[in-house]
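Number of protein chains: 2
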Amino acid sequence: MWRYLKRLVIGKPLKTLDEGGQSLSRFKALALLSSDALSSVAYGTEQITTVLLAVAASGAAMWFQIPVAALVLVLLAAITLSYRMIIHAYPGGGGAYKVASTNWGQHTGLVAGGSLLVDYMLTVAVSVTAGTQAITSAIPALRGHVVPIAVIIVVLIMCLNLRGIRESAAFLTVPVYFFVVMIAIMIIVGLYNILTGHVEFQAPLAVGQSFGGMSVILFLRAFSSGSSSLTGVEAISNAVPNFKEPKPRNAAATLSIMALILAFFFAGITFLSYWYGIRPNHDVTVLAQIGIQTFGHGAFFYLLQLATAMILAVAANTGFSAFPMLAYNLAKDKFMPHMYMDKGDRLGYSNGIVSLAIGAIVLIAIFDGQTDKLIPLYAVGVFVPFTLSQSGMVKHWYRERGSYWIGKSMINALGAFISGALVIILFALRFDNVWPYLIIMPALIYMFLKIKGHYQKVARQLRLVSQEPIVRREYAGSTVIVLVSNVTRVTAGAIDYARSIGDYVVAMHVSFDTDPNKEHRTAKEFKSEFPDVRYVDIHSSYRSIAAPTLRFVDVIAKNSKERNYSTTIIIPQFTPKKGWQNILHNQTSLRLRTVLNTRDDLTISTYYYHLKE
Amino acid sequence: MWRYLKRLVIGKPLKTLDEGGQSLSRFKALALLSSDALSSVAYGTEQITTVLLAVAASGAAMWFQIPVAALVLVLLAAITLSYRMIIHAYPGGGGAYKVASTNWGQHTGLVAGGSLLVDYMLTVAVSVTAGTQAITSAIPALRGHVVPIAVIIVVLIMCLNLRGIRESAAFLTVPVYFFVVMIAIMIIVGLYNILTGHVEFQAPLAVGQSFGGMSVILFLRAFSSGSSSLTGVEAISNAVPNFKEPKPRNAAATLSIMALILAFFFAGITFLSYWYGIRPNHDVTVLAQIGIQTFGHGAFFYLLQLATAMILAVAANTGFSAFPMLAYNLAKDKFMPHMYMDKGDRLGYSNGIVSLAIGAIVLIAIFDGQTDKLIPLYAVGVFVPFTLSQSGMVKHWYRERGSYWIGKSMINALGAFISGALVIILFALRFDNVWPYLIIMPALIYMFLKIKGHYQKVARQLRLVSQEPIVRREYAGSTVIVLVSNVTRVTAGAIDYARSIGDYVVAMHVSFDTDPNKEHRTAKEFKSEFPDVRYVDIHSSYRSIAAPTLRFVDVIAKNSKERNYSTTIIIPQFTPKKGWQNILHNQTSLRLRTVLNTRDDLTISTYYYHLKE
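Read top to bottom, the protein sequences are chains A and B. The numbers in this note's numbering rise by one with no breaks, and the one at position 301 of the first sequence is 301. The numbers in this note's numbering rise by one with no breaks, and the one at position 126 of the second sequence is 126.
Just so you know, these hints were derived from the structure itself, not from any lab. Everything hinted at is true.
Identical copies go unnamed one by one, so any copy, or any two together, can satisfy a pair.
Straight-line alpha carbon distances no greater than 16 angstroms define the calculated EDC-like cross-link-like pairs of lysine to aspartate or glutamate that follow:
1. Lys612 x Glu468
2. Lys450 x Glu613
3. Lys457 x Glu613
4. Lys612 x Asp601
5. Lys577 x Asp600
6. Lys452 x Glu613
7. Lys561 x Asp496
8. Lys457 x Glu468
9. Lys612 x Asp600
10. Lys527 x Asp537
11. Lys577 x Glu613
Isolated chain A (complex conformation) (with noise of 0.2 angstroms):
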């Protein structure tokens, strides 16, 4: 049955080879690599608004967002020259946990990691609720149901990764460029509105009015939510080995031009919304109040509601490719469970793709969908690495001291300084959103190291050279234990099989019934049937068979010890036709399994009857 509704779900499996090798072209890289950082412009404008209306309901600081968009702008400068520098330093894929485990050291780079792990999570939970709320603005009728729509939506973009979507896949193109042109008309028709006269000025305080309550911290704490717009722009450095040759100016290029759309539409999304006079609300995102004031309420608005969600979906499933990467990275450099390098059936990394979408489940449950709530931690967990790696790649630089070193250093720096500046202001001024982070960093480091050790320590326990010279044996014989319930076929067939591989063979019973005719009854039936094999009845007095079964087995087996004479024990088991049916019968062998592998050199044999009806 489960057999059936996996295959159903998820497919049949896939070869291993059926992994081919991809190359990118820039158009095609474009659409793969950005919908994440495109899609942030869903809600980098709003993130700015509602933090300026949330501190002047009258809507007075909202010129405010000009400056701040100003400064949004130039970190984005600033980041993507540091970046452009990461890609041709690392044309291997320069992912923030390599660049800065390279040149920090590896605790840093874990630091790096683990923010990363986390800030996947966050890139699904925030995209989806984004999406869904580009989805409630349109549809009123859904309003409310935010999370269980974001939920379900997790849940699909999950099953569609666990069949095993492409990356490269190229239907993922469509919802980006259909985004793009569906903003970039909005931004010119908003324009053009404007400059002919059709749309008046509507904000209620023009740049540079001063008004009560402005303040340097309020300007940063807009900016701090601001940069959640520069979310995503890491992409293109961790995929450098995709592209077309040569692979890191084509990957440099798509960053640029990246840049400037998102400058772009960021910019033109901003001002527009400025010039609109448009206030945040629970139920309405500001892009869709823009596009409504744009287009009214007809079928273009409901395209860019639709191309909106769309591109989240897609931005969400970007998470869904780099989580499990990562995890697997950690998992190879034994930082994290193995499992997380096990790939599934389809060649997806299964456990990461599941883990994955349980923690932005977990998050979107945790902040109640609600995107604004959400935007403080994502903004932490992508800065932090962004400061990781852009310092390590000035002490890269310093390293290396190639042509024109100090000018890259400079550039680096910078980036690493705005980033790093950026992460203070958010824990300074966002404290109640931000401070799970300095929870869980600190335990995922733990956990990091804790996992470490104990490959470690296998590692060195199981190797056959080592300090502890190997002791290889050449038993003499075998004792096999035969645990018997009752005498039956399946009985028969345990005693026939312990034969053949025993030297040595003791059937035990044990009895805990008060009825000692039922237990004489046993016994004789088996040496009528069994005549040479010695029987052994073991009493207890409490209900539990484990215990005496150990403490009989212990002593069989320190006498076998004591001949040279490996020691197993059958546990004969009769197996149902159908699964379901195990639960009409006892599982005591379970039970036993559990207490006996407890002990050293014995081993654990269940004799399987199958019953044919």
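We have chain A already, so just place chain B on it with the hints.
Chain B in isolation, oriented as in the chain A frame:
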């Protein structure tokens, strides 16, 4: 961890022989066996008035409760007499399952048994929700939390029973007699006040006055709800063997005493309810309203509520002793899974106890903790077995035809007739509440028969002596296959062990790494360490290790069979020092086992290597 927790909650295991006999005096038996019946008065009258008020919101139909109560008392008399017959006829304990099976055959017995299984769940659900309402009537702050409180109470009673509360536990008598005393005081004080003229007649209409909408249907609806006061009357007849000698006489006398108390309570409460003009409402139970009217809002009222809640908890507890016993009897007859025959560490039938608690919690959740929604289903569950056992008794007397058999049959026939009529009334008038019975019962009966069929098939296949002669095998030797994933101390230990039991040992390795060098290295390492063991490398194009393993094992097993060798497959496995560390290692062994155990004539061994650190 789990073990310590279990020990803490459940207590330490008890010896089997601690299970002692017990013999109940009338005084003790009355308390222990009548809590279910006596506690019914806490909700019986309320059920009648609720029906009456639902039809005529003006309360004009309220005087109906007097004739309805009179008919309930007639039914009580008939049932009491019938059960006195059963006590004498089945001194070994006359549960409905037993009486119906004996007289009507197995299938009818199963209907009775299935009804009772559901019924005991309803006993727990109804008693606990009614008890919770007694609490919330006294403590308004808890209103609106009936479901969680009820669930907590069920879990508490479950834990007590897993610890092994004795049916004979002396402390259980306290709440029962406490309740008896409190209700008796209330009725006497109430009647005294009425007779001395302290309380005026507050009923909207005197008995016999006509009102719009009065009808036979209404009368029958009210009667069917009021019959819930009679649930639990059968308990004494099931427990005859536990009485002091002369068992049947003492049991019959106890039953009569209980019936008299019940009649007095039910009549008194209903009369007070009528006289006071009490109307059921969602917040305060009818019994609590009577208590307030009688005692005022003082200490006596709170004592009454406490007594009510306590006896209802004891009544729920009777479900916890009856259900596991019935499940045990059904399991002994092979209609339910064997696991219901397993006694827990504390000698209680843990599986039955836990199943009952889960069932009750599900019922409470489905019916949202509303006693009046549960009552009709409860009544059907009670009166179907009543009908079957009473009519079975008629057959019994006819078959025996002893002295006065006609008179005895008449009494049982009357009981059967009234019970049967009640069932028909319930189905006709309360179908919206009792329809689940028509789904649950066929499903249960189907399950019972299916399970029985399975056990019979299994027994036939396992029996040593049967039509198909047993084939004993004298193997000429043994083939042992060792699964090797890499060459470590675990492999070395497993190979040494394999040699001690095998005449022919072969090592098998499945490779799916795309890196052929690694495979060569494994092969080389193996051959240098174990030069005299055959090593087979199998390449898999899929990620699955199970399918190629199975293919290879099949070939070896076939060869082995031709040589008359037994075949063993050894899965070497290291066990980490701490249990949680298992999640850090691949669970391939478990997966392999589930595939391999589908094969005949193949024994699966696990060689355990225990890590020391």
